[in-house]
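These protein sequence lines are chains Y and B, in that order. Position 59 (the first sequence) corresponds to 59 in my numbering; numbering is contiguous. Position 87 (the second sequence) corresponds to 376 in my numbering; numbering is contiguous.
Just so you know, the hints here were simulated from the structure itself, not pulled from any lab data. For clarity, every value in this text was computed on a predicted model and none was experimentally measured. Fair warning: there could be bad hints in the mix.
What the hints assert, rightly or not - Stretches of chain B that chain Y covers, calculated by requiring three or more beta carbons in the stretch to come under 8 Å of a beta carbon on chain Y:
no., region
1, 297 to 303
2, 338 to 352
3, 380 to 387
4, 403 to 410
We put the CB at the ideal spot given by N, CA and C, even for glycine.
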Amino acid sequence: MANLKEIRGKIGSVKNTQKITRAMEMVAASKLRRTQQRMEATRPYADKIRTAVGHLYQANPEYRHPYLIERESVKRVGYIVISTDRGLCGGLNTNTFRKLINEIGEWKDKGVEVDLCLIGAKATQFFRSIDVNVVATAQNLGENPQVADLLGAIKLMLDSYTDGTIDRLFLLHNVYQNTMSQVPDVKTLIPVDAPDADDLPKHWDYIYEPDAADLLDGVLMRYIESQVYRGAVENVACEMASKMVAMKAATDNAGKMIDTLETAANKARQAAITQEISEIVGGAAAVAE
Amino acid sequence: MATINVEIVSAEGHIFSGEANMVFAPARGGDVGVAPRHAPMLADLRPGELRVDVVDGDEQFFYITGGLLEVQPHLVTVLADTALRGEQLDEEVAKIAKDAAEAAVSAAGDKQSLEHARLQLVEAAARYRAVQKLKGKRG
């Protein structure tokens with residue numbers, strides 16, 4: 001039986017760990033609320049710009065912007081991958097990377113090369129040691145990602161689409177379903193799927209300033225950027241939710257460990273008392289004889 | 290007098306909303322004034338000052354770095370950019386992202402195969418599941 005002092009020391013250290021994990025859980029919970037609000041805040045812009053894309057698309061059906069055309073032969077595809085900057089958030093990043101590696105494998109089977117644009121420190125760390133083609137990275141976006149920090153990476157991918165290096169562009173990030181479940185999901189960024197005419201009010205059309213074709217350029221670019229930005233914000237919400245759950249599990253676990261250790265400590269104490277009594281009784285009996 | 294509802298949003302969030310008598314925006318081809326019941330319009334905005342003549346008499350100014358103006362008869366929406374844009378600036382930030390990628394890649398030693406990475410991930414996931422299971426058993 002381990003000695004009592006050792007067990008007490010162990011209980012103390014587990015209690016300290018528990019304090020830390022509990023604090024991390026609470027911090028993640030409060031940050032989750034804020035990131036959820038931020039996620040909501042991106043919606044009006046994304047909705048509006050999507051409507052604008054739809055209108056512009058309908059307005060000049062004869063003009064085909066490169067981003068709207070589906071290229072027939074696909075030789076190389078691009079992925080924008082959003083991961084977290086920090087760990088301790090359960091299986092979130094692992095799930096994302098596994099999904100990506102499966103996708104890369106599928107493309108490779110078809111003889112298609114893959115270019116990666118990695119956002120978040122964890123993705124950069126993971127794919128650094130792997131034989132994949134990384135063309136752009138953006139790191140340390142923090143809990144409040146800014147559009148400006150993403151622009152460079154997005155621009156690179158858009159450029160490589162325009163000059164024909166890649167024929168398709170995808171976005172991979174975690175989708176926030178609820179606090180308990182976040183699922184990595186792949187979305188197609190290019191070719192942009194413009195909203196159907198049925199989705200739009202048909203009774204009127206805009207005056208375009210300058211003209212629809214010129215506008216479409218900027219609008220499509222901003223539309224893609226807003227989608228990537230939303231992905232980044234949503235991924236932060238996922239990170240916080242996942243961290244909260246992981247840290248809660250760790251706290252509970254520490255509690256159970258403390259219970260087991262306390263039982264062991266009580267047993268050790270009891271054994272020491274019993275031994276002492278038996279020694280006294282034995283001593284007394286020896287004196288009495 | 291008729292009024293017009295103004296919404297100013299950016300990708301990062303909501304900036305302003307309210308009733309106004311008139312909105313003046315810096316469109317690419319020159320400033321435009323939008324009065325209530327204006328015909329529907331989409332316009333590209335250049336960096337400049339956005340002026341909103343709010344109903345209660347105040348005038349509000351917003352500096353925008355560019356964006357998009359959408360006009361419907363009773364609603365003006367400004368989709369503001371959050372970052373300064375321009376051909377040259379865009380090129381610069383793109384170069385930063387590219388350099389970061391090159392630095393990250395060159396810092397690595399020998400490359401492992403995709404298959405290796407897949408195994409690594411499967412192992413991590415299995416370990417994670419095992420821990421979850423252990424936790425359940427002990428509780």
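Going through the earlier hints one by one, which of them does the structure break, listed in rising order?
Going through the list in order, the structure violates hint 2 alone and respects the others.
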